[in-house]
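Fit chain B to the given chain A structure using the hints.
Number of protein chains: 2
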Amino acid sequence: MTEAMHVKIAHDIRERVRIGELAVGAPLPSESQLCGQWKSSRGPVRQALATLRAEGVITGGAGKPPVVCSTAVGQSFDTLLSYSAWAGSIGRVPGQRTLELSLRPADEADAANLNIDKGRPVVRVLRLRYLDGEPAMLERGTFVEHVGRLLFDFDCDSGSMWAYLQSRGVRLATASHVIDAVGADPVDATHLGVAQGSPLLRQQRSTRAADGELVEFHDDRYLPDIVSFTLDNNLDVRSTLVRNAKP
Amino acid sequence: MTEAMHVKIAHDIRERVRIGELAVGAPLPSESQLCGQWKSSRGPVRQALATLRAEGVITGGAGKPPVVCSTAVGQSFDTLLSYSAWAGSIGRVPGQRTLELSLRPADEADAANLNIDKGRPVVRVLRLRYLDGEPAMLERGTFVEHVGRLLFDFDCDSGSMWAYLQSRGVRLATASHVIDAVGADPVDATHLGVAQGSPLLRQQRSTRAADGELVEFHDDRYLPDIVSFTLDNNLDVRSTLVRNAKP
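Chains as they are written, first to last, in this note's numbering: chain A, 23 to 269; chain B, 23 to 269.
Extracted from the complex, chain A is given alone in its bound form (with noise of 0.2 Å):
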């Protein structure tokens, strides 16, 4: 399939403010230089410059020229799911020891997180995960059967087991994520080398399939001192970050 228009647009521009090119503050080439440039019409190039407002990437609109308002061009879905892309994109390098790989049945918990009935079989994973041979977080991933069986054909050791399942026609589509922080529990007192209790910043994550199917759930606990989340909003556009209250 060739890409659409707008896409590779909105692509090309994202790619020149990452690398400088285009600087914070700088304005972007009018519509008529980005269509002389792709030779193409005015809605692609309107589509593509929507997509980057709403990515905050740039600002201005309603007259005003845009201009470029942040660096933080985001990331893939890939890179915001896969611990092992992620830490390949920023240059560094990822590890993992499995310390649990089982079938067993769907507790209250993993009824209520994969939205099945409790006692059916789940394939659970837990492992430590290392940035640079330092450990930095602790994984727990629990997969409806159908997924979860293709990773007892997998070494969980050695890589991503996104990259795997996708290998394995596993489509991934759509992922809701929470972050809050919790105190150690005994179990990530014990892999991660800190005092119950102490702080860690957890990332839960629901993960649909193509077809909507609900496929995996993720509770990922990092070292304090690891990882941060960072978003840029302005005034033009909603955030997809959402602040909740707990209930």
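Quick caveat, the hints were computed from the structure, so don't treat them as lab data. Treat the hints loosely; a few may be bogus.
Identical copies carry no separate label here, and so any pair may be met within one copy or between two of them.
[Said to hold, decoys possible] Calculated cross-link-like contacts (lysine to any residue; reagent style SDA-like; alpha-carbon spacing at most 25 Å):
no. : residue 1 : residue 2
1   : Lys268    : Pro157
2   : Lys268    : Gly205
3   : Lys268    : Thr252
4   : Lys140    : Ala211
5   : Lys61     : Pro51
Structure of chain B alone, referenced to chain A:
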């Protein structure tokens, strides 16, 4: 100023998703239907859809009809910036007790956070924030002098500093947020009523005025059971949230 057509269309669809009139998984009206409904040409309709796609509200495109994929329609700039506006938006009662309001020379951290010289005057606000009457967050705000001085005419116990500063002509335009976990320091411990070292969710934020000047830096620390941040993403768009390794 009248809103551009594509802004109106995006706003209307966002609202219909938010109130559930358009459910997750439901197809959107076709481009022609939207054009008819809004008496609009295709350009603005496509711009509106590109915005909603980049926000993660809808998926599809490239020939496939758009489908609603998330009810997390995001929060506006004000809602993500202002604790008071946020609490109000979710039907909870915000509150605050001011512990410190001072004019003092910038220390090294202030200088770095606000990109000013060390020793320049800054205004510091320390407030304990409540949710429905219970302590929820300790807020440390540091403002450049000409903005911060306005707060000496304001009762910081009375409500939103943002709303007040805006009423005094301060135009906030862009913000950068960093989210991580930290252990409570002695000041946190005293005011939030927790043990030193216990987990807190921290949101740091730098805010710029419309002319690009960095006008304030915030460090908000939430009790862990109060708040989480959520984000939905999908294959079609880059997320505006970025996972970073700490230096």
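Please write out, lowest number first, the hints stated earlier that are contradicted by the structure. 4
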